[in-house]
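Could you build all of it, start to finish, from the sequences and the hints given here?
What follows is the residue order along each chain.
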Amino acid sequence: MNMSIQEFLQHMANGISLGSLYALIAIGYTMVYGILRLINFAHGDIFMLGTYLTFYGIIFTPIPWYIVFILAPALTGLLGLVLERLAYKPLRESPRITVLISAIGASFLLQNLGILVFGGRPKAFPTPAILEKVLNVGGVSIAIVNFVIPIVTVILLIGLNYVIQKTKTGMAMRALSKDYETASLMGININGIISITFFIGSFLAAMGGIMWGVKYPQLMPHMGVLPGLKCFIAAVIGGIGNITGAVLGGFILGLGEILLIAFLPTLTGYRDAFAFILLIVILLLKPTGLMGEKITEKV
Amino acid sequence: MLKINNMTMRFGGVVAVNQLSMEIEKGQIVGLIGPNGAGKTTVFNVVTGVYKPTDGEVYYGENHEKISHLRPDQIAKLGICRTFQNIRLFKELSVFDNVFIGGHLRLRSGLFSSVLRLPMYNREEKEMTKKAEYLLEKVGLFEERNEKAYSLPYGMQRRLEIARALATEPRLLLLDEPAAGMNPQETQDLMEFIYNIKDEFDLTIFLIEHHMEVVMGICENIFVLDHGNLIAQGNPQEIQSNERVIEAYLGVE
Amino acid sequence: MKKISLKDNIWLKIGILVVALIGLVVINLFLDSYKVKVLNLCAIYIILGLSMNLINGFTGLFSLGHAGFMAIGAYTVAILTMPLEAKTMNYYMKPMVPFLLNLNLPFIFALLIGGLMAALFGFLIGAPVLKLTDDYLAIATLGFSEIIRIVFINLQSITNGSLGLKAIPQMTNKFIAEPLGLSSKTNLLWAWGIAILTIIFMQVLMKGSYGKAFKAIREDEIAARSMGINLFKHKVMSFTIGSFLAGIGGGLMAVHLGTIDPALFKFALTFNILLIVVLGGMGNIYGTVISAIVITVAMEALRFLDGSMNFGFFTTPALPGLRMVVFSLALMVVVIFKRDGFIRDTLEKVRGKYAKNQ
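Protein chains in written order, with numbering that gives the first Met the number 0: chain A, 0 to 298; chain B, 0 to 252; chain C, 0 to 357.
Calculated directly from the structure, the hints in this document are not laboratory data. Every residue, glycine too, gets a C-beta built ideally from N, C-alpha and C. Please note that the accuracy of each hint is not assured.
Claimed, not checked - Derived EDC-like pairs: lysine to aspartate or glutamate, alpha-carbon spacing no greater than 16 Å straight-line:
| hint | chain 1 | residue 1 | chain 2 | residue 2 |
| --- | --- | --- | --- | --- |
| 1 | C | 206 | B | 123 |
| 2 | A | 214 | A | 131 |
| 3 | B | 90 | C | 219 |
| 4 | B | 197 | B | 24 |
Stated by the list, open to error - Beta-carbon label-pair distances, calculated as ranges:
| hint | chain 1 | residue 1 | chain 2 | residue 2 | range |
| --- | --- | --- | --- | --- | --- |
| 5 | C | 126 | B | 54 | 57 to 63 Å |
| 6 | A | 216 | C | 169 | 41 to 47 Å |
| 7 | A | 162 | B | 183 | 33 to 39 Å |
| 8 | A | 134 | C | 162 | 38 to 44 Å |
| 9 | B | 116 | C | 31 | 37 to 43 Å |
| 10 | B | 116 | C | 297 | 32 to 38 Å |
| 11 | C | 267 | A | 7 | 55 to 61 Å |
| 12 | A | 93 | C | 87 | 52 to 58 Å |
| 13 | A | 59 | B | 11 | 42 to 48 Å |
| 14 | A | 289 | C | 98 | 42 to 48 Å |
Quick look at the structure:
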């Protein structure tokens, strides 16, 4: 092992920012699963949509980029909400597998709509100049995005935590994910809460998408597939339904991936397999994830 | 036949059954009663292996074999089968198939033998079919054998569940509220039916029931649970005059 | 009085089968090679659809790992049937391991080994993941399928990595066509023969005790195990058989295409099969067969959607993606509005009418 401390710090910065992105996307999975027990297969494609919307907002409108960075996720949030209304709501009483099939259909629909509308060729993300700088801290050069990403993530997480812990909506969300039946009898507006959940999840995914675009500035209609799957895995690792767990899982996955190829470069080709192997290990050893609770089926 | 030794079942902080010890003799009809939430179905779930007890053991058979660490399918193979309180049929399958599947655990032919239709498998399948048809006659569902299970009225579904359980060739049959939702005439028929199958198949029967006329009418021995604790045990006369049982049922503090 | 019906007359069945096979040989000779290819693909998708339906529809396990098992079958068949020259031509970046380089087997053995390899992996993968339920199983099997793909990209000296394999030997009807002075095409007997065998196999299996046990597991796991059915054993059985058939389908696919690479075995391939199963009806054999044919033909027929269209007076631009938009919408519409599969319902309606007319 001959890695200088500088190199190691670079990898760490890289891993933390990747982990932040995974965390942001994983939250959407975990919130939806917590309430509906559904793997929102199309979540990765919502992430893709968010990135493309940002792209078009910057290129084709005179709106300044920092406003687009808020507007595009908001719009994506609305799209996520619409997706739920069209693809999942009609199936709320159906077996879980049926809803999952609908979600898989929605995922392919969005990808192919992406190809149809945005074109299949990759597009370059219009990164604002200010975010392209590279900082030099004591001999370690780190791209500024690797600082910005964790900071933005932390701000968003604080905001989310406030919504969930302190607002009425957040309380209703927690009630729904704890006990759907009872909560629905207590006069909670279920449809409203589910819509808000999808809005928040999609908003955060789009935020992740924007920062993803800044970090890896190449947009493709299929770009959401792999991050989507990995972030679902992150949510499972943390304990699905648990937001803190999703964040933890995101960081474990992001850091793990980067450090794996940093320390074992021969395994670079297996980078994308890492998440799946981790998933299977977790499912076999602790299926409820690191922070999940055990649920027993009633007979 | 069945011996439960100091069994406790805890879910999180809730104690569903507390240090229960009881014994069932071969050939008896034994009742398990108690108010709602007393832990009766939990006892069934532990005996049939759906739950692993938090503490204590369950023994079964002449040799007092320990079964509380076994899987439900292993326990069924040893000869313990059950019905469910909230009817669990194979809904989309035909009435015949429901009973036929009950015999699957006694099948000795392997998968290949079944797909290649080897003589051994064919013979076994013929036997299973005969047995299923016989049991359907027995419970009066032969005419309905091609209907889907879910399309049957409630009472017939209960009988179908018993037929399916009998197809597994049990020696100990657990019935979870067999008379639920039945009118007095049906209840009367059911009691005769239970006597009947007990004699014909040489069964020991362990049942949970709320209809007191059933319990008092056919059970030789009755166990009473309240809040997970065994509060009384004895023959119908003893139970009917037991203070604690009356208290538990009337809710006197 | 005994009526002669299709149901219990074995000789009538065999007769129909023989006529169908002869018909197939004739069609094979006179249809143009593109149509023969489409027909061949139909048969492959029948096998794949049935294999997924066994796992997902009949046993109620939700597996999304089909592309992975197909990849195993496809690569096994390709590697075992390619002649030495084709191999040396393919593996120019990194030489192939010598042991496999000179290995060459007749197609039928290669295909069988392909199926068995897929079954072996199905068994090894199934053993741990089949303890999981529903959606966890779905994501774990999908994960395994991706792992297989990634491993194939990296095992260059065996699979030739992302370059893939070209010039996989074709199975043609040369032996009949040439003596008759006709051009030789893909031999339909292989894929269709195996598809018919698969249909018969599925029927026999599902009518028997094991098949019924699978269905019982789908209906109610708790009741099934209380009736003495070893859930795990039966799930592994169903999964392994399904993987075997997926491997066979993959092997046939490799020969059908002549060229394979890891990108072919992405989740999109599993999606196509899922589409067939859902449209045909979960747990329905004939629904799956019809659905496989309809979807395969439609996928070909709708290829024009992705290209540009010339209406004489004006030309629409090419619209890549539109075709799959149509299919994903079809899947969602069926799931949302017709829970139990579109074709199964239609089949039952037709049967109902037929029964009334009798």
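Outcome of the hint check:
As the CA atoms of residue 206 of chain C and residue 123 of chain B are separated by approximately 14 Å, the hinted pair is consistent with the 16 Å bound. Restraint check for residue 214 of chain A and residue 131 of chain A: satisfied, since their Cα atoms lie roughly 9 Å apart, inside the 16 Å limit. Between the alpha carbons of residue 90 of chain B and residue 219 of chain C the distance comes to roughly 8 Å, so the proposed pair stays at or under 16 Å and holds. Distance hint between residue 197 of chain B and residue 24 of chain B is fulfilled; the C-alpha atoms sit about 14 Å from each other, no more than 16 Å.
For residue 126 of chain C and residue 54 of chain B, the hinted distance range of 57 to 63 Å is not satisfied, since their beta carbons lie about 31 Å from each other. Evaluation of the 41 to 47 Å hint for residue 216 of chain A and residue 169 of chain C yields a pass: the beta carbon distance comes to about 44 Å. Between residue 162 of chain A and residue 183 of chain B the CB atoms are about 58 Å apart, so this pair departs from the stated range of 33 to 39 Å. Take residue 134 of chain A and residue 162 of chain C: their Cβ atoms lie about 40 Å apart, and the range 38 to 44 Å holds.
Between residue 116 of chain B and residue 31 of chain C, the C-beta spacing of about 41 Å keeps the proposed range 37 to 43 Å intact. Taking the beta carbon of each, residue 116 of chain B and residue 297 of chain C are about 37 Å apart, inside 32 to 38 Å as hinted. Under the hint 55 to 61 Å, the C-beta atoms of residue 267 of chain C and residue 7 of chain A, about 39 Å apart, miss the expected range. Hint check: residue 93 of chain A to residue 87 of chain C, Cβ distance near 54 Å, so the stated range 52 to 58 Å holds.
Here the CB-CB span from residue 59 of chain A to residue 11 of chain B is close to 56 Å, at odds with the stated 42 to 48 Å. Our hint of 42 to 48 Å for residue 289 of chain A and residue 98 of chain C holds, since their Cβ atoms are close to 43 Å apart.
Hints 5, 7, 11, 13 from the earlier list are contradicted by this structure; the remaining hints agree with it.
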